[in-house]
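Assembling the complex is the task here: the two chains are given apart, and the hints tell you how they should meet.
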Amino acid sequence: MQSQVEQDGGGNPKPPAAPVPRRAITDESGKYSFTVPEPMGAIIQVSHSGYLNGFKQALKDLAQGINVSLVPTGVIEGRVVNGDGDPLPGVSVEMIQVQMQDGRKMLRPPQTAHTNDLGEYRFWNITPSSVYLKMAGYQGTYTGVGGAPAVANSSEAFPTVYYPAAADRESATLLKVPAGQTLRADFSLTAHKSFRIRGVIQDAGSYKNLGVRLMNGEEAVGNRVSINSTSGAFQVYDVTPGTYTLQAFSRGGSVALGEAHVVVDAEDATGVKVALSTGVDVHGVIEHLGGEQDSANQRRLFPNGRPAPAIQPVQAILLEPGRIPVTGTQPPAPVDADGHFTFKEMLPGKYDFKLNTFGEYIESMRSGTIDVLADGLEVGSASPEEIRVTLRRGGGRIQGVVTGLRPGEQGTVALIRASGLSGIPTIVQAFFDPGGEARFFSGNLAPGEYQVYAWPTGQEVEYRNPQALRAFSGNAAAVSLHENGEEQVSVKAIATEAQ
Amino acid sequence: MIAHLLLLAWFFQADPTYTISGTVVNRVTGKPLNATHVGLAGARVDPVVTGPDGRFEFTGLKAGKYGLNAERAGFARQSYRQRSLAVNLSTGIVTGEHESTENLVFGLIPGGVIAGTVTDTRGNPVPGMRVLAYRVTGFGAERHVETGFHYAVTDDRGEYRMPGLAAGSWVLTYTGWTTQTAPLPSVMPEAFPITYFPGTTDPARAATVNVEAGKEARADGVLTAVTAVKVSGEVLLPNLNAGSFVDITTAGPLGSQSGIVKTQVTGNRFIFAGIPAGHYILMLTDDQNRRTARRAFDVGSSDVTVNIGETPFARVSEKVEIRGTPRSPSNPTIVRLYSREGMQAVRTLDDDGRASIAALQPGQYQVLVTKGPPLTVLSLTLQGATQSGGVVNIPETGDVSLTIVADATSARDVAGRVLRGEKPEGGLLAFLAPSKNLENVTLYRFDQSDSDGTFTWRAVPPGDYLMFAFENGEPEDYTSAEVMRGLAAKGQKITITGDAKQTVAVRVTAVDSKQ
Numbered sequence: 017m018q019s020q021v022e023q024d025g026g027g028n029p030k031p032p033a034a035p036v037p038r039r040a041i042t043d044e045s046g047k048y049s050f051t052v053p054e055p056m057g058a059i060i061q062v063s064h065s066g067y068l069n070g071f072k073q074a075l076k077d078l079a080q081g082i083n084v085s086l087v088p089t090g091v092i093e094g095r096v097v098n099g100d101g102d103p104l105p106g107v108s109v110e111m112i113q114v115q116m117q118d119g120r121k122m123l124r125p126p127q128t129a130h131t132n133d134l135g136e137y138r139f140w141n142i143t144p145s146s147v148y149l150k151m152a153g154y155q156g157t158y159t160g161v162g163g164a165p166a167v168a169n170s171s172e173a174f175p176t177v178y179y180p181a182a183a184d185r186e187s188a189t190l191l192k193v194p195a196g197q198t199l200r201a202d203f204s205l206t207a208h209k210s211f212r213i214r215g216v217i218q219d220a221g222s223y224k225n226l227g228v229r230l231m232n233g234e235e236a237v238g239n240r241v242s243i244n245s246t247s248g249a250f251q252v253y254d255v256t257p258g259t260y261t262l263q264a265f266s267r268g269g270s271v272a273l274g275e276a277h278v279v280v281d282a283e284d285a286t287g288v289k290v291a292l293s294t295g296v297d298v299h300g301v302i303e304h305l306g307g308e309q310d311s312a313n314q315r316r317l318f319p320n321g322r323p324a325p326a327i328q329p330v331q332a333i334l335l336e337p338g339r340i341p342v343t344g345t346q347p348p349a350p351v352d353a354d355g356h357f358t359f360k361e362m363l364p365g366k367y368d369f370k371l372n373t374f375g376e377y378i379e380s381m382r383s384g385t386i387d388v389l390a391d392g393l394e395v396g397s398a399s400p401e402e403i404r405v406t407l408r409r410g411g412g413r414i415q416g417v418v419t420g421l422r423p424g425e426q427g428t429v430a431l432i433r434a435s436g437l438s439g440i441p442t443i444v445q446a447f448f449d450p451g452g453e454a455r456f457f458s459g460n461l462a463p464g465e466y467q468v469y470a471w472p473t474g475q476e477v478e479y480r481n482p483q484a485l486r487a488f489s490g491n492a493a494a495v496s497l498h499e500n501g502e503e504q505v506s507v508k509a510i511a512t513e514a515q
Numbered sequence: 356m357i358a359h360l361l362l363l364a365w366f367f368q369a370d371p372t373y374t375i376s377g378t379v380v381n382r383v384t385g386k387p388l389n390a391t392h393v394g395l396a397g398a399r400v401d402p403v404v405t406g407p408d409g410r411f412e413f414t415g416l417k418a419g420k421y422g423l424n425a426e427r428a429g430f431a432r433q434s435y436r437q438r439s440l441a442v443n444l445s446t447g448i449v450t451g452e453h454e455s456t457e458n459l460v461f462g463l464i465p466g467g468v469i470a471g472t473v474t475d476t477r478g479n480p481v482p483g484m485r486v487l488a489y490r491v492t493g494f495g496a497e498r499h500v501e502t503g504f505h506y507a508v509t510d511d512r513g514e515y516r517m518p519g520l521a522a523g524s525w526v527l528t529y530t531g532w533t534t535q536t537a538p539l540p541s542v543m544p545e546a547f548p549i550t551y552f553p554g555t556t557d558p559a560r561a562a563t564v565n566v567e568a569g570k571e572a573r574a575d576g577v578l579t580a581v582t583a584v585k586v587s588g589e590v591l592l593p594n595l596n597a598g599s600f601v602d603i604t605t606a607g608p609l610g611s612q613s614g615i616v617k618t619q620v621t622g623n624r625f626i627f628a629g630i631p632a633g634h635y636i637l638m639l640t641d642d643q644n645r646r647t648a649r650r651a652f653d654v655g656s657s658d659v660t661v662n663i664g665e666t667p668f669a670r671v672s673e674k675v676e677i678r679g680t681p682r683s684p685s686n687p688t689i690v691r692l693y694s695r696e697g698m699q700a701v702r703t704l705d706d707d708g709r710a711s712i713a714a715l716q717p718g719q720y721q722v723l724v725t726k727g728p729p730l731t732v733l734s735l736t737l738q739g740a741t742q743s744g745g746v747v748n749i750p751e752t753g754d755v756s757l758t759i760v761a762d763a764t765s766a767r768d769v770a771g772r773v774l775r776g777e778k779p780e781g782g783l784l785a786f787l788a789p790s791k792n793l794e795n796v797t798l799y800r801f802d803q804s805d806s807d808g809t810f811t812w813r814a815v816p817p818g819d820y821l822m823f824a825f826e827n828g829e830p831e832d833y834t835s836a837e838v839m840r841g842l843a844a845k846g847q848k849i850t851i852t853g854d855a856k857q858t859v860a861v862r863v864t865a866v867d868s869k870q
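Line by line, the protein sequences give chains A and B.
All the letters of the first sequence, read from the start, carry residue numbers 17 to 515 under the numbering used here.
All the letters of the second sequence, read from the start, carry residue numbers 356 to 870 under the numbering used here.
To be clear, the hints were calculated from the coordinates, so they are not data collected in a lab.
Please read all numbers here as calculations on a predicted model, not as lab measurements.
Backbone N, C-alpha and C define an ideal beta-carbon position, used for all residues, glycine too.
Accuracy of the hints is not assured; some may be wrong.
Taking beta-carbon pairs under 8 Å as the criterion, some of the chain B residues facing chain A (in silico) [unchecked claim]:
(1) Gly429
(2) Pro482
(3) Glu501
(4) Asp510
Over the 10 Å line for every Cβ pair with chain B, so calculated as not near, a few chain A residues [as the list claims (entries may be wrong)]:
(5) Gly81
(6) Leu104
(7) Pro105
(8) Gly106
(9) Arg138
(10) Arg267
(11) Asp387
(12) Ala390
With the rest of the complex left out, here is chain B (with noise of 0.2 Å):
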């Protein structure tokens, strides 16, 4: 009989279950949020939705790893934790025996808001004016746009509205003499210049409007008219295929471009009307959507010409040799060449190790090498081409050959666990700088830490680094090479030898606010 109760205790006992729960709250007014969908990712349940008290609940969980995501209307989708609402960076939540994962606090980051009216010099407003809203990243020289922006129209008030804003310093561009502001386009003798925010046409003096979570910024523009004139030219390539277009764009503050009036080209010609004074730059995009121009030119007073097509975009060959046994042998090769404007060139190698990139937009560009997991990049060479700490120059026209040679062995993912004293903390930014080579932000790595303090740097090459654990700011905040000299004395030494059973432990980082 007792052995008969004992197996049964044993029976019942065998898979202890966890509960997480907590309470879903504005995260800027501490308010419980109702009607919230919250779902649990590591297991199969339902979401379930938030009652007035904001709470909820999942029992009957097998200790392990859980992510928790919410859903409202009024606020973006978003994870436990999440940094902020334009990094996608999360706790993950560890059930276990001594973990506690009951009554936790589920904040939702509330999105900012632009707002503001846009009125020309008369104080008449300008209605059907688009407004473009780019975030602003990284420190100092490294200061510049995210690739993606926001918009909105201004109404017939003037008045536009961008809501759920990722916080952080935005630029405001008013573009457009779009069809609503200037109802007779093309005979139009004035239109309204491309005019960075307060109200001015010069990217070097433009501001950026400060936008705090749940809170509403004011960004009144006023716009200055100017005459307005027009832009033909011809496109001087041969064999040009018929879906080839150009467009008018602009280099805006921080980096920031936006095009702003596109036109196709029929026989080798285009035309633009109603184009206002200003500095542009003209893009030629081929019938496969690839950029293979461009040409600076300004708009004065009177009608303009300007062919483009003289001198495209620089040739790239590439070619690939890999040191070692990839641990992906079947997965192919591929070089990703990407800018910090967003302009980038994937190619996959054939089985010779080589590719080619038709025309590549003149810029500065980082290499990532790939074979399944990223390879070490252990040396570039270049010819028509310039490099500064693995960072490739791309020039404005010409030939350039990229021959990259790369480690497939040494890279691995490094564990590891940020502690405050003894403690294991979650939520934290776990940041690893080169301790040499600043420059090459193909080094940098990150994660936001679990609740069990826990996380993980991705295929990390062998070498000597600093690591730090942030409670404020971005990666992108860190990843500079003028930020991390300033930091350095604050980063614990760490050298990554290649052995996979390698972890690490990381203390908080005492900095005193966002650096």
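Next up, chain A with everything else stripped away, as it sits in the complex (with noise of 0.2 Å):
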């Protein structure tokens, strides 16, 4: 066992400089030391490859020492073949995580490893988690993948497939891939008869490192793909016939993006024509609406009568971050004196808007008929009305007791007041208190009906699906709170599956 651990000085008082890191390299029982002029706290960081980098806090006493237990990684390895048996060499192969965030599932963006010439392929230093598999074709250029030559001129291909032969995620396996486990995936694919995607990226030449690709849905068919930087011509190779959004994007300086739709059905799809575009920019307004303060709260907020602190910049957070072929986040909106905001050149897809607020409560926030709070909202290709937002003072409060937690477990609650079609989520957490109970509670909360569900910190549970948190409806406990009210609640936990 050969391991790093840092350590740092911390709750040394004498040095004032910035505790230096020390390292240590475990020995063939795992067993590492450090010598240390006087009592003091450290933090443990350790890593060692195939593992999950560990973390322990000690506060004081040293001396009986810190044992840092690892999680070991999985690894998912398989084989593809071709209807004959024989191995596939160059084919991509995606693994795609499904994380949980705020409340949604997402899908983080693919790794991809290539099968080698014998067709094997192979990920390692996998997180425990839950995954998609997908052979995704022959990618990259289109005279060499992956170590492996690919046929520039075929007239076959393999349609995308999820494992185990899924031809979309919906009806995929999702696999688990459990800690320090090897899980075997093989593939056997069948060669369809292909064609080509031919067509321009207008006005290319005000664009640069142009890239085209192939989306199903939110996700990237893989297609080898060449591009005339200067005319915009491109060709798409090894499409099978169905029906596709064509994306033509730039990554160079402001990112740009254009789609067209394709059908491709038994011969090559020419004289596509995709315009590019920065994005459609998206205007908001904040307005603050009177309601009976809540004086104490007021008090408790802005003490010696300081003025309330300005509105901070309102976040756009992209709900499908697959549909759009650059990383990096929208950056936040400042909001004026007037209230406000502008989001320029957003890339169409579907977001969440979020703002802080202080001794107010987010009464609503609308873009025309769409509830953008509960809903969020989709940009496309032209800017979305007016996303009006309303601030109101005089929130209620709730407050509560969560059962079911293990001694020391920390809960969290998910407050969701009824509106639009997956109501809207207000998450705080559940903390022991000295009384053995543990104790939550939520200020400044918008009047309205409100279902709480807690579980034990950590789990996954999918807040934002109404469908998902149906399965829970036991364990909901329903309030309804006034403008100023205070309620007082009792919620059981949801024991979820054992991670």
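Now the structure itself:
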């Protein structure tokens, strides 16, 4: 066992400089040691290939030692063959990890491996999680991929296949990668007649680093592509019959994106024209409405008569990041003195908008008839109607107790106000008090009808999905909250499957 | 009536057509290959795809010369009778009345594989290690690596695999304390030094790995971790532009050079962390991507300071005087200085016949002058540098002036035919070497004979030469003074006169095995 361990000199009052990390390598039995001049606290960080990084904080007495246990990572490996059982070299295999973010199941950007000359692929160092596996055909240049040459003039290609043999993700198997284990996933692919898509990116000379890809829903299909960066003429290879969204994009300077709907049936699709756009501006305005002031709350937030701080910038979060061919986020939009804000050059996609408020609750956030707070906002090729945010004073409080947690365990509480299709959640944490009860409270809540759920922190609950929440309806506590109201509730923690 | 029939017969016989057909097989196993896309160059025909029997056929072809090429998953794209995966020489197919172009055997060369496991001295796998493979070419003292390289990265089991390699000898370098190898590279007390197969840090003790077509060679490496230190320093050149960088490179076996790690120069300073003990060359590259200075240094067990730029690379001024009237007067005159290690400087001369190179890395350079086709170099005059047999030796630093006198008129393409007995034969390496001045590799010419035995040597300056037709080997195996001295007795003497009508006949050279 060989590990690297860092220690800092936290708790040592004498040296004014930043603590200097110290390192040690473990011996054959995994032991490490540091000699310290006096009793002190330490943060121990451990890394070893094949394990998740370990982390442990010790406050004072180091004499009895600090043991760190590392969680081993997982492996997925397999072999890809054609119908004759011959290995397929140079095939792209994508591993898409599913992770919960803000109560939604989100797909992380895929990790790609290529099959070698024996048709074998391997992913390692996988954090224990759930993943989809996808065979994405030949990618890269059209003369060679992954060290294995591909056939440029092929008239056959392998359509996208999800493990084990599904055409789309909905019918694919979600694989659980357990800690320290190796999963085997072999594929047998059948070649289909394939065609090409030819077209042109308009005004290509004005953009840099052009790219083209085919999308099936919000996921890229693997295709080899060639682009003439001057004329914008492009060719997409290995297209099996189907209905696609063709995306052209530029990643140099400002990001630009264009889409075209393409149907490939029994011949090459030609003459596809795509215009790039750097996105649309999305405008919004924040209005402050009255409401009865919760003076106690106000005093707590702004003591000594200090003025309320200005509204912080509004944030936009892309809900289907796979749809945009670039990484990075939309910068937050500052709010001016009149409450106006503008997101510049927003690329198409569905967004959630967030802002922090002080002494006010968000009563509503609407764009025309769309309840943006509950359902998000789909931004297309034209600017949507102005987002109107109304803030109001006089929010209520809900406090309560979570039962069913193990002693010392932290709880996560979701207070979900009925609105729109999926409701509007507020998330708070529940902590054990000295009396042995796990308590939580949340202020500045919009009046309305609430369903309250709780679960042990660290477990994943898809609380933005009403269907997923329905399974836990037995655990929900209903609360009706009025302006400046204060409600008490007791909620039983959801016992989800063991991790 | 008879007259009409005769006319019709004449009409239909006017253009006889021919067929090129055959079978695609694996050149090593002889097994037919299906799903191979066979293309024909020289005619407007679509590629054909072979079935399980590997057969292909192109009909209705006019008399002429055609190229055959093939693409198949698992094989590199290659041409008919391609000499090797590393040498793009092939045999054209000539159709005509007495030519046999049917039932050809198109043998595709399968790639070789190097695979292995990299472990440390405790037997633990080393993941994330970059393995570079350089192919060795040439003979004896001329042995050197080709400039391109293949690379692979070890997985979590320390395993790597490099498919698609050309047959031959390969040098393997295990390089790099990548982030996967050392999760905290900047704070790692140890790192793996540049190690050459089978496990030495001394380039002189490196072994080669022999790769055969379609076979797998195992090459396991054992690495010994050593102390890793910080290397920092200053660039001692004024007016250094942003975007300049320094990289740490190594001089490996047989001239293999690898850049191991690079960093930007910020305010004339640079710093590298986690550098293992070893012997290195620090290289400075400017914002125009030109290498401008270098400095050898050693890393031991403590941090190192090393400055660079005290002696920037030599400045070279070039002048060319052309004798005679060039055949392509409108083409620019271009001087190309190139070294075996892949360094080169290509300059287009101005109207006065001059050009300059701001910084040229030290080394042995060949000189090639072209104005459209290559010109014959009559003489080289050097100041600030030396030469030997037409090879220029550029020093570490200083001002160098190079004056070249070149003859624009006399070099001619020479057409020839390879014969075995009296019969023309395709697929041979027709090779032309100078009788004297064997070190000057710009005088060597080669081509592979087409199916009717014909070949062409481009732009041959007049003079005395030796001709060969080799069955085996690659041009680089014979482009060597040492090899040519040994083979001289087997060559056919020829004087190239500069007469455009001169053609030659070369008989197959009896060589026992690859030299």
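Worksheet item: Broken hints, numbered, in rising order?
Response: 3, 6, 7, 8, 9
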